[in-house]
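Colleague: So you can see what is in the structure, the chains are spelled out below.
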Amino acid sequence: MPKQIILAAHFPGVNNTTVWSDSRSGSQIEFDSFEHLARTAERGRFDFFFLAEGLRLREQRGLIHDLDVVGRPDTLTVLAALAAVTTHLGLAGTLNATYHEPYELARQLATLDHLSGGRAAWNVVTSPGAFFGENFRRGGFLDHADRYVRAAEFIEAARTLWDSDGGDFSITSSQFGIAGRFGVPRSPQGHPVVLQAGDSEGGRELAARHADAIFSRHHQLEDARVFYRDVKQRVIRHGRDPDSLKIIPGVSYVLGDSDADAQEKAHHIRRQQVSPQTAILLLEQLWNRDLSGYDADGPLPEIDPRLDEDDTIIKGRAGMYPDRLATAAEWRALAEAKKLSIRDLIIEVTGRQNFIGTPARVAEQLDEYVQTGACDGFILVPHLTPAGLDDFVDQVVPLLQERGVVRTEYSGGTLRDNLGLAKGR
Amino acid sequence: MTLQLAVALDGDSFAAADWVGWARQADEALLDFVTFDDRFGRRGPDAVLTAARVAPLTRHVGLVPVATTTHTEPFHLSTALATLDYASRGRAGWQVRISGDPAEAALLGRRPPLGADELFEEAVDVVEVVRRLWDSWQDDAIIKDVATGRFIDRDRLHYIAFDGRYFSVKGPSIVPRPPQGQPVVAALAHGPAAWQFAGTAADLVFITPADAGDAAKIKSRLDPELKVFADIAVFFGPGAAPSDAAVFTGTVPQLADLIGAWAGSGIDGIRLRPGLLGRDLGEITRELVPELRRRSLFAPSAAVTLRERLGLPVAINRYERPAASGGAEGAPRPEGVPVA
Ligand SMILES: Cc1cc2nc3c(=O)[nH]c(=O)nc-3n(C[C@H](O)[C@H](O)[C@H](O)COP(=O)(O)O)c2cc1C
Numbered sequence: 001m002p003k004q005i006i007l008a009a010h011f012p013g014v015n016n017t018t019v020w021s022d023s024r025s026g027s028q029i030e031f032d033s034f035e036h037l038a039r040t041a042e043r044g045r046f047d048f049f050f051l052a053e054g055l056r057l058r059e060q061r062g063l064i065h066d067l068d069v070v071g072r073p074d075t076l077t078v079l080a081a082l083a084a085v086t087t088h089l090g091l092a093g094t095l096n097a098t099y100h101e102p103y104e105l106a107r108q109l110a111t112l113d114h115l116s117g118g119r120a121a122w123n124v125v126t127s128p129g130a131f132f133g134e135n136f137r138r139g140g141f142l143d144h145a146d147r148y149v150r151a152a153e154f155i156e157a158a159r160t161l162w163d164s165d166g167g168d169f170s171i172t173s174s175q176f177g178i179a180g181r182f183g184v185p186r187s188p189q190g191h192p193v194v195l196q197a198g199d200s201e202g203g204r205e206l207a208a209r210h211a212d213a214i215f216s217r218h219h220q221l222e223d224a225r226v227f228y229r230d231v232k233q234r235v236i237r238h239g240r241d242p243d244s245l246k247i248i249p250g251v252s253y254v255l256g257d258s259d260a261d262a263q264e265k266a267h268h269i270r271r272q273q274v275s276p277q278t279a280i281l282l283l284e285q286l287w288n289r290d291l292s293g294y295d296a297d298g299p300l301p302e303i304d305p306r307l308d309e310d311d312t313i314i315k316g317r318a319g320m321y322p323d324r325l326a327t328a329a330e331w332r333a334l335a336e337a338k339k340l341s342i343r344d345l346i347i348e349v350t351g352r353q354n355f356i357g358t359p360a361r362v363a364e365q366l367d368e369y370v371q372t373g374a375c376d377g378f379i380l381v382p383h384l385t386p387a388g389l390d391d392f393v394d395q396v397v398p399l400l401q402e403r404g405v406v407r408t409e410y411s412g413g414t415l416r417d418n419l420g421l422a423k424g425r
Numbered sequence: 001m002t003l004q005l006a007v008a009l010d011g012d013s014f015a016a017a018d019w020v021g022w023a024r025q026a027d028e029a030l031l032d033f034v035t036f037d038d039r040f041g042r043r044g045p046d047a048v049l050t051a052a053r054v055a056p057l058t059r060h061v062g063l064v065p066v067a068t069t070t071h072t073e074p075f076h077l078s079t080a081l082a083t084l085d086y087a088s089r090g091r092a093g094w095q096v097r098i099s100g101d102p103a104e105a106a107l108l109g110r111r112p113p114l115g116a117d118e119l120f121e122e123a124v125d126v127v128e129v130v131r132r133l134w135d136s137w138q139d140d141a142i143i144k145d146v147a148t149g150r151f152i153d154r155d156r157l158h159y160i161a162f163d164g165r166y167f168s169v170k171g172p173s174i175v176p177r178p179p180q181g182q183p184v185v186a187a188l189a190h191g192p193a194a195w196q197f198a199g200t201a202a203d204l205v206f207i208t209p210a211d212a213g214d215a216a217k218i219k220s221r222l223d224p225e226l227k228v229f230a231d232i233a234v235f236f237g238p239g240a241a242p243s244d245a246a247v248f249t250g251t252v253p254q255l256a257d258l259i260g261a262w263a264g265s266g267i268d269g270i271r272l273r274p275g276l277l278g279r280d281l282g283e284i285t286r287e288l289v290p291e292l293r294r295r296s297l298f299a300p301s302a303a304v305t306l307r308e309r310l311g312l313p314v315a316i317n318r319y320e321r322p323a324a325s326g327g328a329e330g331a332p333r334p335e336g337v338p339v340a
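Residue numbers (UniProt numbering), protein chains in the order written: chain A, 1 to 425; chain B, 1 to 340.
If we strip away everything but chain A, and leave its shape as in the complex, we get:
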């Protein structure tokens, strides 16, 4: 039997992947939008619905970033409401380990697991520090390394609480000194599913030790295979079965009547994703300086990137270019060779749709990824809210079902059952 593909639906928003200028784009905040995407995913027999989290609105140059979709609901609350309008779909929320407390969050996740009949999942992130901290009592109190110490101890603490079966607990670690009665009996999954999303050494180690799944950013075939091998080896090193950690990259897709049609659509979508204003903004993230005076349809700046640290530029991509001067030189050469404007260049060098083609071609590629050890499944990131997954479920899922790699009916009761994960102790 071929390996089964894990499918998850990412609610789009809060980056320039989400095309809000399209006339079909709806509300990113009304509950109907969440209900539509979740019901669509369940119709497609997806494993889970996925929500990202941001605890502060992004800024660039000290101003709230106004080009992308912003405004989203509270993660746990919307997932609890979605439990009412779905029956089998997993409900995964990104929740920061730095600005929550183990007792409170473990209790909320266990509540969600009970009230959804065993469908709760927690994507553990550690957040970009002091910037988020300004919204919280704790402030920006942990540096990068300590955030993973806290995250690991947080997960361990949560598991102790879940294992207490509603009874007494006492936890002493470098980050926590807590004790008392948990008050929530063992939930259907024992432990809600734990996902992890950081990519550094610390993040990978945390996942290899503690997580059931990784939300990865490695979505190009070769890169994904390298990441897959690296992480599965780490899992083995920690004495775990490599199958007990699922690797699920976030990916986007564009469907067309023919491959050429899909390419054309993808090009059109890219231009909506990278408006002239967005192109300048993304360029600023490498150049590390104010480029608002430049014309997106004109050539790249002659000046070089600034090398000092400037907290007022959105970090996001900056970390992806460790040698700014070298990257800028590459981009200049590319723009000259292909006669690209700033906007064309940004479209060329920043993220693009991963799977473009007819439904048959996309189904074949997704299957190839999973069967050849690049990943265990996909978190699909549609570019439209809330109907961005409709075509995938109508056109690609049936082909995957024909291949026998996506279920036609839910069999298991809990998300762990559906993902093929053992019940939490």
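Since the hints were derived computationally from the structure, they do not count as laboratory data.
All values reported here derive from a predicted model rather than from experimental measurement.
Mixed in with the good hints there might be a few duds.
Said to hold, decoys possible - Only some residues are given here: those of chain B computed to face chain A with a beta carbon under 8 Å: (1) F14; (2) A16; (3) A80; (4) G109; (5) L119; (6) F120; (7) I142.
Even glycine gets a Cβ: it sits at the ideal position worked out from N, Cα and C.
With chain A's structure known, arrange chain B with the ligand on it following the hints.
Modeller: What follows is chain B with the ligand alone, placed relative to chain A:
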């Protein structure tokens, strides 16, 4: 005089079907709202999530979970309650709770328990921050202006810049302003300190008088702007009575008589606290509510939002620039001044 009618859903079940069943009974009886009790360390599910779980399956009834100001992050509270307001389409409320219990503090391990005065002081700050965050997006902040490429007008989003004794919060919220503008803030108050807190921070207060005369006396001491609900614990059979509310045992017509007697005390509504949810809630919704309607003591409201239903004033956004005032742009109100 007609009264408004609420029911406390004080259950420890972890079965979604129980909560959906209870909330739907209240919904179908067209009660004004239900409250969901909660306390860290108790046996029972998280109240905000329980309210969210039933929100899409109810249409009318207001949903008012208890959440503590002592142990939570005001930012999380604000976004969770705003989200409940979206999921319920304008039916969300919040019953504020403070906790001086050292056992609860030990569950969080964040700090030793505060004294009573400090707990109230902190709670006033938390409510203020939560309300400022609800206001931090003006209603028309999302502009989707294709020509300039701007999704939002950032001038219609506001840093709340709260800097208090217990915490500071910068803002703005990550959730756009909820449907009610401001969900309804309630507090249970047994005595003067809590009455005063309610007058400062809440829209609605649950009082615990012994009888109608006591209710009138308490009402006269409260901020006249506050909506006042009297708690009555109701037992249509045997059960352990709580120590903190008037307790009723008897028949449905007798309870209707009692409610009729309380209606003249100047209070706005009654919150019934079923002693045994499974038994007493059914009696309330199937027998008592029709009886109260016959006696014109209760009339279901046609209002869509909980705020409107309770007759609370429109929640004016403190960051809306008054048309011709020329005042400071987006200046928040002084701390501690209730918005409603
Ligand atoms: C695919 C992916 C998705 C992420 N999603 C979120 C998110 O929704 N919210 C958040 O605060 N951080 C998110 N992060 C950030 C990580 O949790 C982590 O804080 C960040 O990557 C820094 O850690 P690292 O150096 O280990 O990568 C995400 C990271 C990755 C790789």
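Colleague: Are the hints correct? Go through all of them and say.
Modeller: Evaluation of the provided hints:
no. : hint : result
1   : F14  : 4 Å, holds
2   : A16  : 5 Å, holds
3   : A80  : 4 Å, holds
4   : G109 : 4 Å, holds
5   : L119 : 15 Å, violated
6   : F120 : 18 Å, violated
7   : I142 : 7 Å, holds
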